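Visitor: Letter by letter, the chains look like this.
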Amino acid sequence: MEILGFLAQGLGVALTPTNFMLAVFGCIAGTVVGALPGLGPVNGVAILIPLAFTLGLEPASAIILLACVYYGCMYGGRISSIMLNIPGDEPAMMTCLDGHPMARKGKASEALAISAIASFVGATLATIGLTLFAPMLVKIAIHFGPAEYFALYILAFATIGGVTGANPAKTLMAAAFGLALGTVGLDPVSGTARYTFGVFHLFDGFHPIVAIVGLFAISEILVYLEQQHSTAGPMVPVHRAYAKFSEIAATFGAMLRGSLVGFVSGVLPGAGASLGSFLAYALEKKVSNRDKTFGTGDPRGVAAPEAGNNAAAGGALIPMLSLGVPGSGTTAVLLALLISLNITPGPLLFQKQPDVVWGLIASLYIANVVLLLLNVPLVGFFTRLLALPMWLLLPAVVMISFVGVYSINHSTFDLFVMVGFGVLGYLMRKLDIPIVPIVLGLLLGTEMENNYRRALSISGGDASILIESPIALTLYGATTVALLIAVFTALRARRRAQQRKNLSHTDTQP
Amino acid sequence: MSDRITGLLIAALAIWYAWHANSFDQGFGDPVGPAAFPQLVAIPLGLFAFYLILRPDPDPHWPSGHPLLRQCGMLLVLLGYPLLLEPLGFPLSTALGIMIMAWLLGAGLRAGLVSAITISLALFVIFDQLLGLHLPMLPENFS
Chain A
1 MEILGFLAQG
11 LGVALTPTNF
21 MLAVFGCIAG
31 TVVGALPGLG
41 PVNGVAILIP
51 LAFTLGLEPA
61 SAIILLACVY
71 YGCMYGGRIS
81 SIMLNIPGDE
91 PAMMTCLDGH
101 PMARKGKASE
111 ALAISAIASF
121 VGATLATIGL
131 TLFAPMLVKI
141 AIHFGPAEYF
151 ALYILAFATI
161 GGVTGANPAK
171 TLMAAAFGLA
181 LGTVGLDPVS
191 GTARYTFGVF
201 HLFDGFHPIV
211 AIVGLFAISE
221 ILVYLEQQHS
231 TAGPMVPVHR
241 AYAKFSEIAA
251 TFGAMLRGSL
261 VGFVSGVLPG
271 AGASLGSFLA
281 YALEKKVSNR
291 DKTFGTGDPR
301 GVAAPEAGNN
311 AAAGGALIPM
321 LSLGVPGSGT
331 TAVLLALLIS
341 LNITPGPLLF
351 QKQPDVVWGL
361 IASLYIANVV
371 LLLLNVPLVG
381 FFTRLLALPM
391 WLLLPAVVMI
401 SFVGVYSINH
411 STFDLFVMVG
421 FGVLGYLMRK
431 LDIPIVPIVL
441 GLLLGTEMEN
451 NYRRALSISG
461 GDASILIESP
471 IALTLYGATT
481 VALLIAVFTA
491 LRARRRAQQR
501 KNLSHTDTQP
Chain B
511 MSDRITGLLI
521 AALAIWYAWH
531 ANSFDQGFGD
541 PVGPAAFPQL
551 VAIPLGLFAF
561 YLILRPDPDP
571 HWPSGHPLLR
581 QCGMLLVLLG
591 YPLLLEPLGF
601 PLSTALGIMI
611 MAWLLGAGLR
621 AGLVSAITIS
631 LALFVIFDQL
641 LGLHLPMLPE
651 NFS
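If you're matching them up, the sequences are chains A and B in order. Per the numbering used here: the first sequence = residues 1 to 510. Per the numbering used here: the second sequence = residues 511 to 653.
No lab work stands behind these hints, which were simulated from the structure alone. None of the values given here were measured: they were computed from a predicted structure. C-beta atoms are modelled at their ideal positions from N, C-alpha and C, and glycine is treated no differently. Among the hints, erroneous ones may be present.
According to the in silico footprint, chain A covers these stretches of chain B (three or more CB under 8 Å from chain A) [said to hold, decoys possible]:
id : stretch
1  : 513-521
2  : 544-557
3  : 561-573
4  : 580-590
5  : 604-610
6  : 616-626
7  : 629-638
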C-alpha cells in the first residue's frame with residue numbers, strides 16, 4: 001500500500017493552487033488544440049512547451065501543464081471527428097467511422113456524450129494502470145546497467161513506428177539519421193567539437209525543442225498550403241452533450257474492452273494512441289457487430305476507439321517515465337521537455353524526485369475529472385471553435401512557435417534551425433519517412449552514446465560486454481521479434497497494394 | 511525516383527559522416543573516443559539508404575503550380591522573419607509576417623490586416639509585458 005502513500009504525496013503537489021490552475025488551463029488548451037482539425041497532440045504539446053519555459057515553471061508544474069494538454073488533446077480530437085468527419089488528430093480517425101453517422105442521424109449530442117464518457121473511462125483506467133505498473137517496471141529497471149540500457153535503446157528504435165505499417169527501412173534510416181543529428185555539438189566526454197563546422201551556435205547541439213517545433217508545427221503549415229482543405233461542411237449546432245443513461249450503459253462493455261486493448265498497445269513501445277484506437281475499434285466490431293450496425297452510427301463504435309485512444313495515451317506514459325524511453329510521438333515530446341529541464345526520466349526519477357512523478361500522476365486523475373466536466377456541459381463552446389478559419393489560426397501558431405523558440409536562447413539562429421527542420425519534416429512526410437524516430441534519435445542519442453562508452457570502458461574496450469547479460473539478451477531477442485513483425489506487416493501491406501493494383505488493372509480492361 | 515535520390519543523398523551523408531569522424535582528437539584514457547559512436551551509427555544509416563536506392567517506394571505527388579508558389583512564399587516569410595525580427599522590432603515584424611501568411615492562406619487583405627495587428631499586439635502584451643520575456647520592441651535605429 002505504499003503506492004497510496006505516494007499518491008497522497010502527489011495529490012499534495014497537484015493540488016497547490018498554481019499546479020491546479022495549470023492543470024485546468026492545460027485541459028482547456030489541450031481540448032481546443034485537439035478539437036481543431038490538423039493540430040494533433042504532438043503539435044499541441046510542442047507549441048506549448050516554449051510557453052512552459054517562458055513561464056519559468058518548476059519541473060513538476062511544467063510537466064503537469066503539458067501532460068494535461070496531452071490528455072486534453074485526446075479528449076478534444078473526437079469533437080471534429082463527430083461533427084465534421086475530419087479527425088481532429090490522428091488517433092481520432094476511428095471515431096469518424098461511427099461518430100459522424102450518428103451526428104448525421106441527429107444524435108450528435110449523444111455521440112459527444114458517449115465519447116466523452118468513454119474517454120474518461122479509458123483515461124482513468126489507464127491512469128490507474130500507470131499508478132500500479134510504473135513502480136513495478138521501475139523495480140526491474142533498477143537492475144539495468146549501461147549495456148542493458150544500450151540494448152533497451154536499440155529496442156526502442158526498432159519498435160518505434162514498427163507496427164504502424166510504414167516502410168521499416170525508412171523508419172530505421174530515420175532513427176539512424178536522428179542519432180547522427182544528435183552527435184552534433186561538443187562531445188561531453190572529450191570536449192571535441194563534432195560536425196559543428198566551427199559554428200559556435202552548434203556547440204550545444206540541436207536543441208530538441210527547436211527541432212520538434214520545426215518538424216511538427218512548421219511542416220504542418222507547408223502540408224496545409226499544399227492541400228488547401230475545403231472549408232468545413234454544414235454543422236449541426238450542439239449546446240451540450242447529453243445521452244440517456246440506458247444508452248450509455250449499453251456501451252459500457254465496449255468502453256472496458258477498448259480501454260484494455262488501448263492500454264496494452266500504449267505500453268508497448270512504438271505503438272501509441274493511433275494503434276490503440278484502431279485495435280479497440282477492430283476488436284469491438286468483431287465482438288458486437290452482430291446486426292451489421294457498425295459504420296452506420298453504432299454508439300459502441302464510438303465508445304470503443306475513444307476509450308482505446310485515451311487508454312493508450314495513459315499507457316504510453318509508463319515506459320517514458322520508468323525507463324526514459326517514450327512509447328509514442330507525444331510522449332517523446334514530453335521527454336524532450338523533461339530533458340530540457342535537466343530531469344532524466346528512468347528508475348532514478350522515482351527515487352530522487354518523487355514529487356515530479358507522483359505530482360504528475362495525481363494531476364492526471366484531476367485532469368480526467370476536469371476534462372469530463374469540460375467536455376459534457378461546455379462542448380458547445382468547443383464545437384463553435386471548429387468554425388475558426390485557418391488563415392487566422394495558422395499564422396498565430398507560427399508566431400507562438402517563433403516566440404517560444406526565440407525565448408529559449410534569445411537567438412535568431414535557432415529560428416533558422418527551426419525553419420530548416422520544418423522543411424526537413426515536410427520532405428519526410430512527403431516521402432513517407434516517419435518523423436518520430438528522428439526526434440527519438442535526437443533525444444536519446446546522447447544517453448545511448450554515454451551508455452555505450454560506459455559499458456566499453458567497464459570492459460576495457462571489449463564489445464562482448466554488450467551481449468553478456470541475460471537482460472540485454474532478452475531485449476535483443478524482443479528487438480529481433482519486433483523487427484520481424486514489422487518486416488512481415490510491411491511485406492503484407494505491399495502485397496495487398498499490389499493485388500489491389502492488379503485488380504483495378506483488370507477492371508479497366510474491356 | 512524520389513526515394514532513390516533520397517537514398518543517394520543519405521548514403522553520401524553517411525559516408526562523409528563516418529569519414530569526418532576520423533578527424534576527431536582521440537581523448538586520453540577513453541577506450542572508445544568521440545569517433546566510435548558516429549561510425550557505429552553511420553553503418554545502419556548507409557545500409558538503409560542503399561536499400562532505399564535498390565527498393566524504392568512509389569513516388570509521392572509533388573506539388574506544382576499555385577500550391578508550390580504558396581509554399582515558396584511561406585518559406586520566404588519564415589526565413590525573412592528571423593532576419594527582420596531584431597532590426598524591425600517584434601510588433602512590426604510580427605504584424606508584417608502574419609499579414610503575408612494570412613494572405614497566402616486565402617484571407618482578404620482587410621481581414622489579414624486586422625488579424626495581423628490584433629494578434630501581434632496580443633502576443634507582444636502576453637509574452638513581453640505579462641510573462642516578462644524581453645522581445646525586441648522598437649526598430650533598431652529608432653530607439
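Visitor: Please verify the coverage claim for the stretch 629-638 of chain B: does it have three or more residues whose C-beta sits within 8 Å of some C-beta in chain A?
Guide: The restraint on the stretch 629-638 of chain B holds, since 4 of its residues have a Cβ under 8 Å from chain A and three suffice.
Visitor: If you count the residues of the stretch 580-590 of chain B with a beta-carbon closer than 8 Å to a beta-carbon of chain A, do you get 3 or more?
Guide: It holds: at least three residues are needed, and the stretch 580-590 of chain B offers 6 whose Cβ sits within less than 8 Å of chain A.
Visitor: Using a Cβ cutoff of 8 Å, are there at least 3 residues of the stretch 513-521 of chain B near chain A, or does the coverage claim fail?
Guide: Since 3 is at least three, the answer is holds.
Visitor: If you look at each residue in the stretch 544-557 of chain B, do at least three have a Cβ nearer than 8 Å to any Cβ of chain A?
Guide: holds (count 9)
Visitor: Check whether three or more residues of the stretch 561-573 of chain B sit with their beta carbon closer than 8 Å to a beta carbon of chain A.
Guide: holds (count 7)
Visitor: How about the stretch 604-610 of chain B: do at least three of its residues have a C-beta closer than 8 Å to a C-beta of chain A?
Guide: holds (count 3)
Visitor: Three residues or more, CB to CB closer than 8 Å: is that satisfied between the stretch 616-626 of chain B and chain A?
Guide: With 6 residues in contact (Cβ-Cβ under 8 Å with chain A), the coverage given for the stretch 616-626 of chain B holds.
The structure is consistent with each of the numbered hints, conforming to all of them.
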